[in-house]
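K.L.:
First residue of the sequence shown: 1, per my numbering; consecutive thereafter.
Since the hints were made in silico from the structure, they are not lab data.
Check before you lean on any hint, since a few could be wrong.
[What the hints assert, rightly or not] Restraint ranges, calculated between C-beta atoms of paired labels, are given here: (1) A11 - L34: 15 to 25 Å; (2) A56 - L21: 32 to 42 Å; (3) Y25 - V52: 13 to 23 Å; (4) V13 - L34: 32 to 42 Å; (5) L22 - A47: 19 to 29 Å; (6) A11 - L37: 16 to 26 Å; (7) A7 - L34: 25 to 35 Å; (8) L34 - D58: 33 to 43 Å.
Heads up, the beta-carbon is just placed ideally off N, CA and C, and yes, glycines get one too.
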Amino acid sequence: MRDKSIALIAASVIMFILLFLLAFYRDGAGYVWLLFLAAGVGFAAVATYSIVQDTAKDKE
Numbered sequence: 001m002r003d004k005s006i007a008l009i010a011a012s013v014i015m016f017i018l019l020f021l022l023a024f025y026r027d028g029a030g031y032v033w034l035l036f037l038a039a040g041v042g043f044a045a046v047a048t049y050s051i052v053q054d055t056a057k058d059k060e
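Generate the whole structure from the sequences, applying the supplied hints.
P.N.:
Below, the structure is given as structure tokens:
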């Protein structure tokens, strides 16, 4: 499960970087903060999910 958690977090980081680049190139569109908010919430959700899963597995 830990390998899966690391993969999910790595995917979230890659997605955050892609959204950062998209926001950087579309600076005039006004979607910058929305993209960063979505990326931040997604990363936090995946990280929290991974930690909860690891904690639950440790308790078994």
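K.L.:
None of the hints should be skipped; say for each whether it holds.
P.N.:
Taking the hints in turn, this is what the structure says about them:
no.: 1; hint: A11 - L34: 15 to 25 Å; verdict: holds, 20 Å
no.: 2; hint: A56 - L21: 32 to 42 Å; verdict: holds, 35 Å
no.: 3; hint: Y25 - V52: 13 to 23 Å; verdict: violated, 35 Å
no.: 4; hint: V13 - L34: 32 to 42 Å; verdict: violated, 19 Å
no.: 5; hint: L22 - A47: 19 to 29 Å; verdict: holds, 21 Å
no.: 6; hint: A11 - L37: 16 to 26 Å; verdict: holds, 18 Å
no.: 7; hint: A7 - L34: 25 to 35 Å; verdict: holds, 26 Å
no.: 8; hint: L34 - D58: 33 to 43 Å; verdict: holds, 36 Å
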